[in-house]
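Undergrad: Under numbering that gives the first Met the number 0, the residue at position 11 of the sequence shown is numbered 10, and the numbers go up by one with no gaps.
Any given hint could be a false lead.
What the hints assert, rightly or not - In silico BS3-like links for lysine-lysine, alpha-carbon gap of 25 Å or less:
no. : residue 1 : residue 2
1   : Lys63     : Lys36
2   : Lys63     : Lys23
3   : Lys23     : Lys52
Derived from the structure by calculation, the hints contain no laboratory data.
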Amino acid sequence: MLIILGSNTNYNMGTITQTINIQKRNTTIQIETNTPKTLENLIVNVTITQDDKTPVNGGFVIFKSVE
0 MLIILGSNTN
10 YNMGTITQTI
20 NIQKRNTTIQ
30 IETNTPKTLE
40 NLIVNVTITQ
50 DDKTPVNGGF
60 VIFKSVE
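Take these sequences, add in the hints, and give me the full structure.
TA: Quick look at the structure:
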């Protein structure tokens, strides 16, 4: 991956070169929610584990609202 950083009055231009290793993992996603009443918060707990039951740490879970 090559990142090119622009310059401005505070920073000089620069480049960063980095190698990324991507590993495919077989995972299980478990989602638990509460049952909120009107105007209460929805609480969502998401657990992502590998096949050997070890947690997948790091990264992001993105929720999209569908109406």
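Undergrad: It remains to establish, for every hint, whether it holds in the given structure.
TA: Against the structure, the hints:
With a C-alpha separation of about 21 Å, the suggested pairing of Lys63 with Lys36 holds against the 25 Å cut-off. For the given pair, Lys63 sits about 23 Å from Lys23 by alpha-carbon distance, which is consistent with the 25 Å threshold. Between Lys23 and Lys52, the direct Cα distance comes to roughly 16 Å. Compliance with the 25 Å bound is thereby established for this hinted pair.
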